[in-house]
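> Please model the entire structure based on the sequences and the hints provided.
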Amino acid sequence: MLNVGTGNKAVALAVRDAKPGVVAAYPITPQTEIVEEIANQVSSGKLGARYIPVESEHSAMAACIGVAATGTRTFTATSSHGLVYMCEMLHWAAGARLPIVMANANRALGPGWNIGAEHSDSMSMRDSGWLQVYASTVQEAYDATIIAFRIAENENVLLPVMINLDGFLLTHVTQGFETVDPSGFLPPTNTPHAIDINNPGGYGTLTANTDHYKFRHDIMVGMKNSVAVIEDAQKEFEKHFGRKYEMYEEYMTEDAEVLVIAMGTIGKEMEVAVDKLREEGVKAGSIRVRWFRPFPDLREKFEGKEIVVIDRDYSFGFGGILANELRAKTCCNPYSVIAGLGGQDVTYDDIAGFVRDRKPGEEFWFGVSE
Amino acid sequence: MAEIPDDEYILKTTSACAGCSIPLCLRYITKAAGPDTVLVIPACCTSVIQGLYPNTAVNIPVYNVAFASAAAVASGMSEAFRAAGKKTNVICFAGDGGTVDIGIQALSGALERGTDFLYVCYDNEAYSNTGMQRSGATPLGAATTTTPAGKKEFKKDLDAIVNAHNPVYMATACSAYPLDLYNKVEKALSITGPKFIHILAPCPPGWRYQSDKTISVGKLAVQSGMWVLYERENGKISLTGASKAAAKKRIPVEDYLKAQGRFKTASKEEISELQQAVENNFKRIEKEVDGTC
Ligand SMILES: Cc1ncc(C[n+]2csc(CCOP(=O)(O)OP(=O)(O)O)c2C)c(N)n1
Ligand code: SF4
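Chains A and B are the protein sequences, given in the same order.
So in our numbering, spot 37 of the first sequence is number 37, and the numbers just go up one at a time.
So in our numbering, spot 37 of the second sequence is number 37, and the numbers just go up one at a time.
No lab work stands behind these hints, which were simulated from the structure alone.
Any given hint could be a false lead.
Unchecked claim - Computed list of lysine to aspartate or glutamate pairs in EDC-like fashion (alpha-carbon distance at most 20 angstroms, straight line):
#: 1; chain 1: A; residue 1: LYS329; chain 2: A; residue 2: GLU249
#: 2; chain 1: B; residue 1: LYS31; chain 2: A; residue 2: ASP196
#: 3; chain 1: B; residue 1: LYS87; chain 2: A; residue 2: GLU249
#: 4; chain 1: B; residue 1: LYS287; chain 2: B; residue 2: ASP157
#: 5; chain 1: B; residue 1: LYS86; chain 2: A; residue 2: GLU249
Said to hold, decoys possible - On the chain A side, residues computed to face chain B include the following (Cβ under 8 angstroms):
#: 6; residue: GLY21
#: 7; residue: ALA24
#: 8; residue: ILE52
#: 9; residue: ALA63
#: 10; residue: GLY66
#: 11; residue: VAL67
#: 12; residue: THR70
#: 13; residue: THR72
#: 14; residue: VAL84
#: 15; residue: MET89
#: 16; residue: TRP92
#: 17; residue: HIS193
#: 18; residue: PRO200
#: 19; residue: GLY204
#: 20; residue: ASP211
#: 21; residue: HIS240
What the hints assert, rightly or not - Short derived list, chain A residues pointing at chain B, Cβ under 10 angstroms:
#: 22; residue: SER59
#: 23; residue: MET61
#: 24; residue: CYS64
#: 25; residue: ILE65
#: 26; residue: GLY71
#: 27; residue: HIS91
#: 28; residue: ASN190
#: 29; residue: PRO192
#: 30; residue: ASP196
#: 31; residue: ASN199
#: 32; residue: LEU206
#: 33; residue: ALA208
The beta carbon of each residue, even a glycine, is placed where N, CA and C say it ideally should be.
Okay, structure coming up:
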């Protein structure tokens with residue numbers, strides 16, 4: 001069915017269509033519209049789920065853990081301070097192998113109070129065991145949410161999934177999008193370790209050093225398995241609904257001499273920059289990294305090309321996070337641009353400028369005069 | 001009084017310290033709750049008492065969760081069971097630290113939302129798991145590793161905080177009176193909505209008494225009025241068991257304090273302040289019972 005709405009609305013409708021049993025949530029800008037819309041769906045009976053209006057994000061994730069522990073499908077949404085307030089429970093959700101799906105509206109962290117887009121929030125949860133996907137359009141936000149349930153609940157994965165949307169730049173942008181009936185695409189949950197009172201046991205009990213590392217290894221295996229599961233889920237999604245997704249999205253890469261790499265909305269804006277650069281005779285291409293965890297293997301794509309990476313985040317004392325991950329995984333020597341923090345405006349003209357002025361191996365902070 | 005079932009859900013070989021009151025509490029709670037029950041347990045001594053993976057000393061599902069999260073996890077679990085049409089009892093079993101300090105936000109939220117669950121706080125008046133640091137529930141004058149000269153503040157009034165949420169049922173209990181505890185759990189679980197039971201649970205190494213004295217120390221707490229056994233149904237309070245006698249005639253608080261090493265540093269003034277608090281508490285309860293407050 002065709003709709004017009006924001007990224008937030010699209011996520012909320014995807015949740016409605018995925019039919020969770022219980023949703024627990026706490027509002028925070030710029031995600032609030034998602035939880036309000038879900039609350040509306042529940043109270044009007046369009047979504048036959050229970051809605052728990054919890055008292056904090058820590059409790060929101062805790063409640064989702066309780067729900068998922070029983071084998072029931074669950075969802076929540078958060079952003080920024082809400083996400084980092086959940087930190088303890090995010091690690092718990094992954095460690096307990098619970099297929100929770102959460103939308104995160106990417107937003108800066110204070111101080112000062114800033115509600116603009118920034119990936120520092122989700123990046124700080126990089127090593128929590130959550131899968132992370134970054135959307136760039138309203139349609140993609142809808143589709144990624146549906147697909148996320150299928151991936152998270154796959155018995156070879158059983159890890160939580162975070163769908164990231166740039167605050168305001170995607171959460172509050174209105175576009176047309178199509179909703180689907182995912183019933184043939186999303187099987188009912190079948191959590192092998194759901195609580196069973198007929199087969200009692202301890203969950204998360206005290207675990208000695210003789211076993212703990214085996215559980216961490218299992219998470220590693222689940223994360224590794226997720227690559228094939230994501231690819232399969234995205235292929236199946238295309239078969240069912242006609243829209244195609246990959247681990248990363250390429251644009252004009254084949255004959256490119258310079259590649260510009262980013263995530264989220266900047267990752268889409270890059271395509272316009274590439275068109276502009278091509279008109280000028282610069283052989284540019286772009287790769288938008290969609291799945292950040294598991295991290296894509298881009299070695300082949302990078303061979304013999306110059307690389308410009310745009311980070312909407314920063315690891316203090318180290319550098320742009322995406323740039324460094326790519327450097328570590330592909331041995332490339334990128335020009336690392338830090339741009340778009342706190343919702344800083346980054347246009348395709350600016351992006352074309354980054355490519356034109358690239359200095360391999362250097363770091364550049366957009367808009368800051370040294 | 002109900003027949004107590006012979007069924008045992010807590011095996012004899014837990015990892016509790018000798019003389020610990022927690023297995024005793026758990027034993028009677030699970031007997032009253034039966035097998036269609038999930039225990040939700042935050043970080044505390046009870047996380048250790050269950051035993052080491054892959055073994056467990058508890059024969060019903062036990063879901064271990066992060067320190068601050070028990071009541072919120074239970075909220076999710078309870079909603080999910082109801083959504084699936086199951087009647088399974090969801091019982092949080094949390095220490096005083098996980099309740100009056102770090103977990104109070106989640107507890108308050110769950111009570112306010114009317115979550116259908118039973119929250120049991122077993123109160124050993126310290127963070128025992130991490131080696132006897134003070135908690136908000138540590139009484140005035142008690143020495144802990146973070147209050148080596150004795151705590152300078154009164155015990156936080158958890159029951160008043162819970163009561164302000166107007167739960168359908170709340171009660172206190174003490175591990176020294178397990179039948180009283182059994183009856184209260186049974187009654188609580190027969191009611192839908194948020195229920196709360198606060199149990200005084202003496203801890204031999206933390207309170208510094210010989211491990212065979214757990215029952216007698218618990219009894220002294222009730223006989224002195226330092227701990228009062230009552231039930232509050234729909235806001236109306238009634239004393240139960242040994243506290244009915246203690247309301248009329250009680251032993252001096254000092255007899256209870258002397259039985260433990262943790263009050264050795266308590267001053268005369270502090271002891272008389274504790275005695276005064278007991279007197280005031282009974283006056284307040286008496287008025288409430290009479291409906292004159
Ligand atoms: C966020 C967090 N902070 C601190 C701890 C360490 N910790 C574990 S148990 C505990 C004290 C528990 O005290 P209480 O709730 O009274 O239970 P008891 O140990 O007395 O049974 C502490 C401080 C933790 N697990 N998590
Ligand atoms: S420290 Fe105290 S409460 Fe903890 S197990 Fe030992 S006796 Fe029980």
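> It remains to establish, for every hint, whether it holds in the given structure.
Comparing the hints with the structure gives:
Distance hint between LYS329(A) and GLU249(A) is fulfilled; the C-alpha atoms sit about 18 angstroms from each other, no more than 20 angstroms. Our distance criterion of 20 angstroms between C-alpha atoms is met by LYS31(B) and ASP196(A), whose separation comes to about 19 angstroms. The suggested pairing of LYS87(B) with GLU249(A) is violated, with an alpha-carbon distance near 48 angstroms, which exceeds 20 angstroms. The hinted pair formed by LYS287(B) and ASP157(B) meets the criterion: a straight-line CA distance of about 18 angstroms does not exceed 20 angstroms.
At roughly 45 angstroms between alpha-carbon atoms, LYS86(B) and GLU249(A) are farther apart than 20 angstroms, so this suggested pair is violated. For GLY21(A), the interface hint holds, the least distance from its beta-carbon to any beta-carbon of chain B being 4 angstroms, beneath 8 angstroms. Given hint, ALA24(A) at the interface with chain B, holds; its Cβ is 6 angstroms from that chain's nearest Cβ, closer than 8 angstroms. Against a cut-off of 8 angstroms between C-beta atoms, the interface hint on ILE52(A) holds, since the closest Cβ of chain B lies about 6 angstroms away.
With a cut of 8 angstroms, the hint placing ALA63(A) at the interface with chain B holds, because the nearest CB-to-CB distance is about 3 angstroms. About 3 angstroms separates the beta-carbon of GLY66(A) from the nearest beta-carbon of chain B, less than 8 angstroms, and the hint is met. For VAL67(A), the interface hint holds, since its Cβ comes within 8 angstroms of a Cβ in chain B; the closest pair sits about 4 angstroms apart. The beta carbon of THR70(A) is positioned within 8 angstroms of a beta carbon in chain B (closest approach about 4 angstroms), and the interface hint is therefore held.
With its C-beta approaching chain B no nearer than about 4 angstroms, THR72(A) sits inside the 8 angstroms limit, and its interface hint holds. Annotation: interface hint on VAL84(A) violated; nearest CB of chain B at approximately 15 angstroms, more than 8 angstroms. Proximity of MET89(A) to chain B holds as hinted, the smallest CB-CB distance being about 6 angstroms (cut-off 8 angstroms). The criterion of a C-beta within 8 angstroms of any C-beta in chain B is met by TRP92(A), whose closest approach is roughly 5 angstroms, and the hint holds.
A least Cβ separation of about 11 angstroms between HIS193(A) and chain B goes past the 8 angstroms threshold, and the interface hint is therefore violated. Restraint check, PRO200(A) versus chain B: the minimum CB separation of about 5 angstroms is within 8 angstroms; hint holds. Taken as an interface hint, GLY204(A) checks out: its beta carbon lies about 4 angstroms from the nearest beta carbon of chain B, inside 8 angstroms. Of the supplied interface hints, the one on ASP211(A) holds, with its beta-carbon coming within about 6 angstroms of a beta-carbon of chain B, less than 8 angstroms.
Restraint check, HIS240(A) versus chain B: the minimum CB separation of about 27 angstroms is more than 8 angstroms; hint violated. Using the Cβ-Cβ criterion of 10 angstroms, the hint placing SER59(A) at the interface with chain B is satisfied: the shortest such distance is roughly 4 angstroms. Hint on MET61(A) holds. Least Cβ distance to chain B is approximately 8 angstroms, under the 10 angstroms limit. Using the Cβ-Cβ criterion of 10 angstroms, the hint placing CYS64(A) at the interface with chain B is satisfied: the shortest such distance is roughly 6 angstroms.
Look at ILE65(A): its Cβ gets to within about 5 angstroms of chain B, closer than 10 angstroms, so that hint holds up. Hint status for GLY71(A): holds, given a least beta-carbon distance of 8 angstroms to chain B, under 10 angstroms. Taking 10 angstroms as the C-beta cut-off, the interface hint given for HIS91(A) holds, the closest approach to chain B being about 9 angstroms. Using the Cβ-Cβ criterion of 10 angstroms, the hint placing ASN190(A) at the interface with chain B is not satisfied: the shortest such distance is roughly 14 angstroms.
Interface restraint check: PRO192(A) against chain B, minimum CB-CB distance 15 angstroms, threshold 10 angstroms, status violated. Nearest Cβ of chain B to the Cβ of ASP196(A): about 7 angstroms, under the 10 angstroms cut. The hint holds. This hint holds: ASN199(A) has a C-beta 8 angstroms from the nearest C-beta of chain B, less than the 10 angstroms allowed. Because the closest C-beta pair between LEU206(A) and chain B is about 5 angstroms apart, less than 10 angstroms, the hint holds.
The beta carbon of ALA208(A) is positioned within 10 angstroms of a beta carbon in chain B (closest approach about 6 angstroms), and the interface hint is therefore held.
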